[in-house]
Every structure is written in C-alpha cells, then in structure tokens.
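Build out the structure end to end from the sequences listed, making use of the hints.
Chains as they are written, first to last, in this note's numbering: chain U, 1 to 206; chain V, 1001 to 1390.
Think of the hints as simulated: they come from the structure by calculation, not from any bench. Note that CB positions come from ideal geometry on N, CA and C, so glycine has one too. Keep in mind that the hints are not guaranteed to be accurate.
[Unchecked claim] Selected chain V positions facing chain U (Cβ under 10 Å, derived; list incomplete):
#1 Gly1228
#2 Leu1231
#3 Val1239
#4 Pro1317
#5 Met1337
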Amino acid sequence: MADQGEIEKYMYSALDLARAALAKGEVPVGCVMVYQGQAVAQGHNRVNESKNATVHAEMVAVGQLLEWCMKVGLDKNEVLPIVQLYVTCEPCIMCAGALRLLSIPLIVFGCPHMGGVAAAQEIHVERFNSKGQPFKCIAGIFAEPCAALLKQFYGQQNPNAPNPKKKAEGRSTGLGGNLASNFGSAFGGSGDGSEYYAAGYGYTEF
Amino acid sequence: MAAPTSDLGPCKKKMKSVDDTSIAPASTSSPGVTIPHPVPVLSQDILAPVPLINVYVAPVLDKKQTSRLIKEVSSKFPLPDLLHLKRVKSQKSGNKETTIQILLCKAPSEDGRSADSGDPTENGFHFDGLGKPFLTKVAVRPAITRRQYEHCAQYWPTAFHEDKALERRLKGDFFTSEELQSIQKYMQRALQAAQHAKHTGMEPVGAVVVDPVVDEVIGVGHDLRHAGNPLHHAVMVAVDTVASSQGGGYWDHSGPGLYWKEEQSESSNDETKDVADDSSSKRTEPETAEKDIHLKDFDKRTCDISGKTEEQPNDGPYLCTGYDLYVTREPCIMCAMALVHSRIRRVFYGAPHPSGALGTRYSLHTQPNINHRYEVFKHVMLEECSTLET
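Quick look at the structure:
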C-alpha cells in the first residue's frame, strides 16, 4: 500500500490530467495507474472527442495499461491484480464494474459523484455478484480541487449535447453520475463494505 | 455479456425468473410463422402487489357529518405519504344501508417503532360523530398497474391513473407483427456477429445498434474480450462502432477478420474480402495481430493529443439517442451502465445470463435516480441465443 506522500503525488498527476481534459472541453476527470511504484498508464475523459460516452478516464488508462503490458512483455493478468488506480472522481457504475472485472485491487479517488443512485445501489449491493475481485477504496484525496474542476465544467455547457440546458452550479455528472464506491464489494459479493475506508483527508462520508 | 467464460451456466436454467410467470409471452401470429413476443423486463414495483400497512379507521356514525369530519380529521391527522388513498370508504351492506369509514392515521409499525402517532384511542381521542377506531390494511403507495389497483381497492379506495402503454406491455400485445419481424431481423444480425465471434475464438456474443426511424443498422460488434482488452464486450464494441459512424470512435476495432469489416467488404468489392479472409485466419495467433492493432491505436491517440477538435454541428446524432440495441446475451453491469451513458432507447436481448444486470442478477434499468432510462425486452430468439453458448 502506498503511503500518503505517494498517494498525493499520483493524485496530483491525475488532477493535472483532469485539467488537461477541461482545457479540451472534456469532463475533467483524470486517472493514473501505478505498477510497482511507477506510473505506467494514464488518461482523461475523452467522451466528446470520441463521441463515445463510455470513454471515461479509467477506460482510457486501462487501455494504456494493456498497451504498456504488451510493450514491456508483461502478462496483464499478473499486472492487473497489483496495480493501483488513482482517479479524481469516484468511478461511475460502468467503470466500477470494469475495474472489478479486471481485478484491480485498489482505487484511490478524489471527490464523490454528486447525485446518482447511491441509495438504490446500497440496497441491492449484496445481490450483485460477478467475476473479478472486489477492490478497496481510499476516498477524498484532494477532493476539493477535484470537485472544483467538475463544477467549473458543469457550470459551463456541454458543447456536444443537443439543445444544451443551463446546468445549475454544483450539479455534476452530466454524462451519468452514480455512486459506485460500494461496487468494489458489490461486485464481489463480500458486500459488507468493511473494505472501504476514508483516508482522513476531510472526506469520510460514504 | 458480462462475465468471463467460467461464469457461463446453461442459459436455459435462467429462463425461469419471477416475471416470466406473471407475464405469459403472447404470440403474434402472422401467416405461417409465429414469432414469440419479447418479454418486457420490468421492475418488481410493477410486477409485485403493492405492500400493505396498518392504519386506524373509524366509522362515521351520522352520514350527514361526513364532510365536517373529513375536514377535522384531515387537519388533525395529515397523511402526506398516503395521498393516493381516499379519506373515506363507503360500503353498502346487505340491507341497503351505506356505512362510511374515515381514515385516521398510520398505526405503529410492527417492529415497534412508532409511526406518526400511536393508537388514536389512547391519547384522548375524541371526534363528535365517530365510532370506535379500529385497525385495517391499506396500500402503502399508489398502484402502478391495473392489477395492483384492483388488489389495493379491495382494502381501501385509492386513486389510480392508468398507464396505457404499460398495460399493453403487461398484456404482451404491444408489438405489431411487422415490429416482431423487424426485431427478429436485427437479432438475426446480432446472432451472425456472435457466430463470427465463436468461429474466431471469441466469446460468442453479438450486438447490433439500430436506428428504428430509418430502419438501419448503425453499429455492429461482437465480443472481443479475448483479443487484448478484457473490457471489449460486444456492447462496448458496438457502442464504439456507432461513435465511429458519427466521426468519432475511440478503440481501434478496425483490425482484420472482424465481422462488420467483412460485411462491409462483401458489399464493396471482392478483393478486400479476400484480404479480410486472409487475415481472419491470423486471428488464431492473436498475439501478433493484437500488437499491430494496439500500436496503431497508440499512434492514433498520441497524435490526437495535439488536439484539434473539429466543430461538429449540434443537431446531428448524439451518442445512441433514439437507437435500439440487440444483443444475444444479457449485458453485464458495465455494459448496462454504458448503455445508460450512451442514451440508448431500448434493449432487446436473447439469453439471460447469471451475472446479467438487466433482470437476472440485477435490474439497473429499473433503479431510481439513473440519469437515463431505457426499456428492456428479453427472450428475443431465445433458442438461438441460448445455443450459442454451447
């Protein structure tokens, strides 16, 4: 497990990626993947550029990680279970499901998703079970700057949406929010949430 | 769609789920052929009876006092979460005498935690003109379906607004025979893609995205999870081919031997088809093929970083808005949420899957607070889709 200095270092890079996304008119979420103390893959949201609503930062980073494995000749099935993923915003249900399928063990994220299906997910959490391994979460690393970028983005308008509507400040997740912090265990069926803990950076609420 | 191969159970086992029993899939007969009706995948809120709770009611002793009593009782016992219930119930008994009961308040719930108030008879309850209060059962929330309404109304009068479209869904006669044929036609395409996947060593799942307005296939994909990226399930691939058709697209699925590539070349010219066939044999050595794809992909992406994003008109197609998806196997949670993100209109799937997120293990599409909703139908060409796995 990475120490706090490490965690902040990688989250700092993820924030830089989120800023780069914002500069390109993308939802400002950045993601870094770390293998044996080395950042080997990164990405930011590219939904507008690709016109594919599933190209979230995590998906881009996973794609890079797989490329990297190929390039350096490592077996992805050996790498994935020991990488850590740093992302500025809590993974959506799709990404949480994906990370679960990949057996990524640790997700460190900045701000929580605002709005979404938290309550419903919690109710059905133990009903959900699929392949892969549950992941642990560390939440709230640089939560404020991570959230501030999203607020800035959603305060503007999504240039690709038809008939863009004025969005209320602070309402996030135009392309699908949804709390997924429970999905680590949700997808594994361990389901008791005990594997989750906040890191004491001022954000402790799940 | 969802889970790796080891998860696959025999699909027929899953055919029997709760909603199957309540909705008999009707058949629409067209001359000669009978196409089974797709089964709507609906939430338990719709299928199950509305739960009941205990309330206190009291008889109105003098009918002429009813309207005064309604006013007084309503102000003493407001029921903000039982607004679907009428305040009074009038019943004709055998000797033509009408008896009127008035709804007072919720009874303490059975686990002992008190509701709004306790037994109204205990704390100095007194209304002129009311008899002794007693317990009865009422529906805890409004009925969504007529069947639920009829059940609720046996207990206490309740308001009901019929959802005509939903009632047709429940009856199973909502698709015309033309629609049924077109549903089958598109699932057939998804099956072809799945067959291709199977023959090239991929997971046998196929997906097709259709624009129902122009009756046209917009995107096709089959499962590519074994081709390098374990997340490239058929739905994810199909969604990306839709993006490509709109001038976007992220993943480089343009590699050789892919179903939709062959399909295109078939219609364009034979030479390219030969090329495609040649290279499809290469799929047996995925390592080399993959490397090429990924390096190409990498180049494409690094170029992108210089970042000239082209201005696209905003009135064009947006993601999968208005489109329907046909997929041979029930999507996993990742794919189901990807379809929420993509604003799909309807999802038709063939075989349920043990870890499926649209009805079997979970029902993402019926969750409240999802920021987009789509309708889900299952058992389209169930037989054919189920046998893919074997």
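Right, here's what the structure says about each hint:
no.	hint	in the structure
1	Gly1228	holds (6 Å)
2	Leu1231	holds (5 Å)
3	Val1239	holds (6 Å)
4	Pro1317	holds (9 Å)
5	Met1337	holds (4 Å)
The structure agrees with every numbered hint stated previously.
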